Amino acid sequence: MDRYECNGCSYVYDESKGDIHNGYPAGTRFSALPADWCCPDCAVREKPDFLKLAEAAA
Amino acid sequence: MTTQTLATGTPAAWKDGKRGLWMMGVLWPALPLISAALALSTGMGLFWWLTPVVIYGVLPLLDRLVGEDRVNAPESAVAALENDRYYRMATFLFIPVQYICLIGGAWLAVSGGLPALDILGLAVSVGLVSGAGINTAHELGHKRENLERWLARITLAPAMYGHFYVEHNRGHHVRVATPEDPASSRLGESFYAFWPRSVWGSLTSAWHLEKVRLERQGKSVWNWRNDNLQSWAMTLVLFGALALWLGPIVLPFLIFQGFIGFSLLEVVNYLEHYGLVRQKEASGRYERCKPEHSWNSNHTVTNLMLYHLQRHSDHHANPMRRYQALRHFEQAPQLPSGYAGMIVVAMIPPLWRSLMDKRVLAHYQGDVTRANIHPPVREKILAKYGAMQPQTVEA
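First to last, the sequence lines map onto chains A and B.
Our numbering puts the first residue of the first sequence at 1, with every later residue one more than the last.
Our numbering puts the first residue of the second sequence at 1, with every later residue one more than the last.
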């Protein structure tokens, strides 16, 4: 499970947690998010703007 | 005149010159209460109209007299500035003042024995405060903290605009300055053409956003977890409680002031992105929203009353940034006056066009084809500003 960070507002999409509120269950891969997905916090960064975080938190 | 010049002090020594003044945002929503006190104690009915006179008349004058403030906090001071809870209090305290105005105004309208014209003045005044509440809700609704997000919806309830909470962040911010955004006005579009397009477009978009979100969770749009339904329910509970207390006769007052309130938001929407558009990149995505895609104003007085909303470019580039830390950008297009003066201008379409169309044109170095043009008047605009016909361009 990987984590991806918004390069604008530092929101982190954690695959192990998903984003329940927006309908993405825990375990939803980043690659499985829709192509037009955007940051749920700032909404001004899109999927290609997210950066994969180096393995750190389990 | 310019009160302060662009300054970048040493971070340790940096102090926000406007810190204490942000409390103006809490005081001015009390204007309908002050005007009621003046009208009742002097018996002069004109005082019921004090709030619109201050907003549409006095504020533009003060903007002119006090001038601009272009000071940006040094980046190293921003974290401390954002964490200073005083600034949050300055938004929270707006809410009791707003609700005292609404409840007091409703009571006076029903039980005050006032002539119809005075009640109208009172309703317009309370409505303008409800509209200002959308601005407070806007600041609160962009935050991650649950408390602020809840307070945002409570602040939206009097203006009957609970869906703004959904549409603004996930609709407007995503599509801002594109032809697809109902809340971005177009070159050649009058405020009166924009108002129905934005009101209806924002409502349907908010509904659609929640429908899609809930369907992804495997739920129906008709579910109490629908943020639109929750927010509208707050308005229903509020208006319903007032109707139980004061009788159903209060409902026309409440609905009218709500209409004034959300119309104030819509006229502000109208001037924030007029004619500006993001270009499409080769990938088919729109370029990222940049400072050049919003109209700004550094006018000190109106900025203090609107939690820096007029530093709109930085807000769109960094929506999570708290109001006290929003920056002025040299490259951002500037309005000739603060929002208070510009909303008066926007309500007079020929005056708006004569002031703003040339600014849009200058912003695009005379190339009108780069602007967001209102489709019904596209040919007229292209002919007027000397651009080549679109067929010729494509050929």
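Derived from the structure by calculation, the hints contain no laboratory data.
Certain hints may be false.
Unchecked claim - As a list, the in silico DSS-like pairs of lysine-lysine whose alpha-carbon atoms are at most 30 Å apart:
#1 A/K17 / B/K18
#2 A/K47 / B/K18
#3 B/K18 / B/K211
As the list claims (entries may be wrong) - Label pairs and their computed distance ranges (CB to CB):
#4 A/N22 / B/E82: 39 to 47 Å
#5 A/D2 / B/N83: 25 to 33 Å
#6 A/S16 / B/V58: 51 to 59 Å
Just so we're clear, the structure is a prediction, and the values are computed from it rather than from any experiment.
From the three backbone atoms N, C-alpha and C, an ideal C-beta is built for every residue, glycine too.
Evaluated hints:
no.: 1; hint: A/K17 / B/K18; verdict: 41 Å, violated
no.: 2; hint: A/K47 / B/K18; verdict: 38 Å, violated
no.: 3; hint: B/K18 / B/K211; verdict: 42 Å, violated
no.: 4; hint: A/N22 / B/E82: 39 to 47 Å; verdict: 25 Å, violated
no.: 5; hint: A/D2 / B/N83: 25 to 33 Å; verdict: 30 Å, holds
no.: 6; hint: A/S16 / B/V58: 51 to 59 Å; verdict: 56 Å, holds
Hints 1, 2, 3, 4 from the list above are not met by this structure, while the remaining hints are.
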